[in-house]
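J.: So you can see what is in the structure, the chains are spelled out below.
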Amino acid sequence: MKKYIHYFEVIYNTQLNTDYYLLKLFTEEDLPAIFPAQFVEVRIDGAPNTFLRRPISIHDVNYEKNTITLLIRIAGEGTAILSSIKSGEYLNLIYPLGNSFTMPDSDRILLIGGGCGVAPMLYAAKYFMQFGITPTFLLGYRNKESILRPEKFAKYGNVFYTTEDGSFGEKGNVLNHSLLNNEEISFEKIYACGPEPMLKALSDLAISRKIECEVSLENLMACGIGACLCCVQNTDQGHKCVCTEGPVFNVKNLIW
Amino acid sequence: MKKYIHYFEVIYNTQLNTDYYLLKLFTEEDLPAIFPAQFVEVRIDGAPNTFLRRPISIHDVNYEKNTITLLIRIAGEGTAILSSIKSGEYLNLIYPLGNSFTMPDSDRILLIGGGCGVAPMLYAAKYFMQFGITPTFLLGYRNKESILRPEKFAKYGNVFYTTEDGSFGEKGNVLNHSLLNNEEISFEKIYACGPEPMLKALSDLAISRKIECEVSLENLMACGIGACLCCVQNTDQGHKCVCTEGPVFNVKNLIW
Amino acid sequence: MVNLNIDFNGLKLKNPILTASGTFGYGTEFSDFIDLNRLGGFIVKGTTLHHREGNPYPRMAETASGMLNAVGLQNKGVEVFCKSIYPEIKDYNTNILVNVSGSVVEDYVSTAEMINELENIPAIELNISCPNVKEGGMAFGTSCASAEEVVKAVRKVYKKHLMVKLSPNVTDIVSIAKSVELQGADSVSLVNTFLGMAIDAKTRKPKLSTVTGGLSGPAIKPIALRMVWQVAKAVNIPVCGLGGIMNADDVIEFMLAGASCVQIGTANFIEPDITIKILEGIEHYCRKFGVKDINDLIGALDS
Amino acid sequence: MVNLNIDFNGLKLKNPILTASGTFGYGTEFSDFIDLNRLGGFIVKGTTLHHREGNPYPRMAETASGMLNAVGLQNKGVEVFCKSIYPEIKDYNTNILVNVSGSVVEDYVSTAEMINELENIPAIELNISCPNVKEGGMAFGTSCASAEEVVKAVRKVYKKHLMVKLSPNVTDIVSIAKSVELQGADSVSLVNTFLGMAIDAKTRKPKLSTVTGGLSGPAIKPIALRMVWQVAKAVNIPVCGLGGIMNADDVIEFMLAGASCVQIGTANFIEPDITIKILEGIEHYCRKFGVKDINDLIGALDS
Ligand SMILES: Cc1cc2nc3c(=O)[nH]c(=O)nc-3n(C[C@H](O)[C@H](O)[C@H](O)COP(=O)(O)OP(=O)(O)OC[C@H]3O[C@@H](n4cnc5c(N)ncnc54)[C@H](O)[C@@H]3O)c2cc1C
Ligand SMILES: Cc1cc2nc3c(=O)[nH]c(=O)nc-3n(C[C@H](O)[C@H](O)[C@H](O)COP(=O)(O)OP(=O)(O)OC[C@H]3O[C@@H](n4cnc5c(N)ncnc54)[C@H](O)[C@@H]3O)c2cc1C
Ligand SMILES: Cc1cc2nc3c(=O)[nH]c(=O)nc-3n(C[C@H](O)[C@H](O)[C@H](O)COP(=O)(O)O)c2cc1C
Ligand SMILES: Cc1cc2nc3c(=O)[nH]c(=O)nc-3n(C[C@H](O)[C@H](O)[C@H](O)COP(=O)(O)O)c2cc1C
Ligand code: FES
Ligand code: FES
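Chains as they are written, first to last, in this note's numbering: chain A, 460 to 715; chain B, 460 to 715; chain C, 741 to 1043; chain D, 741 to 1043.
Simulated from the structure, these hints should not be mistaken for lab results. You may find that some hints are simply not true.
30 Å max Cα-Cα, derived DSBU-like pairs, lysine-lysine [to be verified]:
#1 LYS816/C x LYS461/A
#2 LYS1017/D x LYS942/C
#3 LYS752/C x LYS892/C
Construct the entire structure; sequences and hints are all you get.
T.: The structure is reproduced here in structure tokens:
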């Protein structure tokens, strides 16, 4: 799949809560086909410590309007700079990067997102919906206040929540949710993104229950295009690049 | 003289012509006494190549309004960043730095500025005016379009111009101006700032005519406060720091 | 028209822009962004006799104007290179160099021998300076005796252009350069990465799985430039300069210091089309400053 | 309350923050901005036996996240220091160290002897690593034999704390550190600047009058940190770490790597009050991470 370097104009940058920002970006170029869980590499200008680009999932795509949307969580200097960018300014992106979630065979699919890991799930659902598949979402947050874009997610599927403090949905993390612990409900496939401990636990669960499970992993990236071999994940076939052979891996191939 | 590190708010940033910008800056702190030809060290945030502060002359001071004004010529990355700063943003300044022009004994004084070297001359005139001294200005530019703030200078003294192409004032550079080449007109003292070749030629002229002459020099600075010894100028007393023992030197002490 | 052709001790370069090993994959990773045929050449990944999985992750840490890496020569080994990768890339109309790495002299020799057979590989870059493998690599490049030993052995079996890549982690890079020249190197390239380290103050852990790694990027440019200048004055073979090159001015500076060609490394990660932008920048520089032949810049520092 | 006191091989530091020679003048340049008495100590300018005018200008060039300098030990000589400067600064309630530089062993010895007489100077930092003077300096710091020679000679006449400042421009900094330890150094400080170079592509001229100069600033931090880690593991005397420190996290990283105290250098140029900000940052770090005694951080890297 061909990759591009394009400038995008910031249409808006909205703060969603303390740590999260929503960036809508427009390009005059034609958008290439984008698949679920693919990501962009954003150039961060203007700070000596943000020398390298930053990988960010594609949260939403609008082909008619030539826009993509990113959901940014402030983690350090680079994401802080992104969070303060203003509409009318430009961002340089390399995209679309990485492989993607594979197509399911039925709509008994569960999209699990934890914290920032909800980012790729919106577009994943929108993408699957084109094929008549309506997913179920299971989204985990710290508390009610940290829930991101609930109405938007509700458009594309049934949404279940967990919060760590129980202030919304079920209390605990996604692994504790009754959906996953009810033998009556069976999913053909789980797609997940989130903190590594969550993904590991989910992987154990999926393997023991024999549910197909694909996870989108993070890793430190220098290039994003398979050139530097910095972003490796250990698998049963040896070191694989998260940026090109991932970010999506079937849990059965992972050696955590 | 005590030095301060203060944040200043940008009141306005006006483009004067292709290369020059006028920045008015306000601080909530009380302004210390500032003397003519003193300068500030501006911190340039947001670029790996502008690691060090940039020295900029104090172009004007308003003690009632707690503002200082800088005249910026785009020379490279740092000044380009300064030129794009917007009102409401903040700049971190160390100031007031350097020695200053010494008081004249009469008002037969000539303030010579070439290009960017006009910057300190406005405040110098304003300062001398407090003591009842009205200076004469001789300002050299490339052409009519590049003349900076003519009305403002006119407020503080008689202004004569040279332009390289003769489009305004006398043709040539300041050294060629009839003021300097008319034996009838005698100045007690010349104060000058501008490109080194101009200052050198002026120095020769002043020494041969036995006119007192003080020049404000530039040099590459790392600290601006006399700590690094990077900014030296050769003098008859050895290497002197331009940032603390200058920027003003009497030409008779200079070994160019 | 500006002449950009350089005769690099027999290696014909259409321009001085090559890419640095380990930062440019096998070239094809960049074909979406640039026309590889426009490069003076590209140098593929560090290739070893046997397959190597490289170091565990994390392998990367960002630093001020630079980055540390601890990839550790992950590659599938020279046989896979010759059989599967070489056929895919051999028809590019540019110089393809293989960066040959190893941990014992015999491995270098065997690898070089196999690459010698590949018609469309006009040169190898002998990597005696990789800081990221325990067993050797850099150790060869940090003493004259060991550098001589490996170059001498490889010279016997490798008949084409032999470029030797020097380590900057030394007291006296000039004497190492002279040693490898004496053993028949056709050129030297410098610098490889500087051995560095990063720590996470919060977790108290090293940021790299191997604790130390190789520093690259603009941070190292001033040191790399100094070394190129020192070496170029001292040896009679040409020098390929690298270390932190980000733009056309950087290339000009390396050439003025004495480099006959350069490699672009880490910059490819940030701008995958940087090589072509730099190439155009160099043409622009030459036109602006009336340079008719790029060769006129080599060592033309006015000091 | 967090304990920040450190016993640096007999030198009592109220906290690990010192300032680096040549970047802090004689301290007084900073008294408008900070209370010098709050520092663990400060190290004054490189002082030589005789007056030195230093190198011609330009002496400075900015580089990516760093700077090159070629000051060349401009100073008025040790006599003027003892007579005119010492009395002005001696009553600060902090450790004042003199950085002693020279070009021949005898000069180091004579200078150290004179400083030995100054009651309120508890230590000298022997600079065997200045890259900016032709005759020596760095040459002493780049071989074990010459480092030993000068340390041995100075040790005979200097009775207080002898800190030796190492050059990073070497293949093996550990063996140099061990050599100076063997000759009786009480501590080592590292690193001095890296020999680098900058060129103006437009004018084709070097940016420094001396062509090469010393690189400092955040650019070098990863290499400096690695060297501190290597040396701290290898010697039994304490290590003072420096090179590119800009904030409290950087200090913590150097301490985790094994430094018992640190020096702030180039950062003083950008923020003249940075030392105190860093000190406060360290207190904040300790409170946040439950560190009761700063000594617990020394060498506490979890690797
Ligand atoms: C494929 C992929 C998709 C991603 N999608 C998103 C997204 O949609 N929205 C979003 O906000 N973030 C996303 N991230 C994470 C994002 O890339 C990092 O948060 C960002 O690079 C941090 O940069 P910084 O300069 O703000 O922080 P830094 O100052 O660089 O780092 C702050 C902290 O975050 C850690 N960190 C930095 N980069 C990564 C990384 N790539 N993976 C894990 N930890 C890291 C650092 O080790 C450090 O502890 C994604 C990462 C990957 C690999
Ligand atoms: C005491 C003093 C007062 C000054 N007053 C003013 C002023 O009022 N307005 C103004 O616009 N500029 C003034 N300058 C010059 C200003 O400091 C430089 O133009 C600025 O530092 C350049 O920074 P940059 O990042 O834009 O350019 P860089 O990219 O750093 O440099 C661009 C070019 O300018 C040269 N240069 C950089 N700094 C200096 C310097 N300090 N002296 C001489 N050449 C330099 C460089 O060598 C290079 O060729 C003053 C300088 C001094 C020393
Ligand atoms: C991720 C990465 C991998 C590298 N792998 C190799 C390698 O396999 N062989 C080699 O000789 N150099 C390798 N290098 C060093 C580069 O080729 C180059 O010498 C160094 O990065 C300095 O140049 P730069 O600053 O332009 O990147 C690698 C560098 C990086 C950043
Ligand atoms: C302008 C300047 C002058 C210096 N002069 C000296 C000196 O006289 N003696 C010395 O031992 N080190 C000298 N150094 C080196 C510093 O003390 C320090 O080792 C180096 O700058 C690295 O630390 P930093 O990156 O924090 O600046 C000087 C450094 C600079 C930038
Ligand atoms: S980030 Fe470079 S290979 Fe994945
Ligand atoms: S700029 Fe540091 S002494 Fe003048």
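J.: Each hint should be assessed against the structure and marked as holding or not.
T.: Results for each hint:
| no. | hint | verdict |
| --- | --- | --- |
| 1 | LYS816/C x LYS461/A | holds, 25 Å |
| 2 | LYS1017/D x LYS942/C | holds, 19 Å |
| 3 | LYS752/C x LYS892/C | holds, 24 Å |
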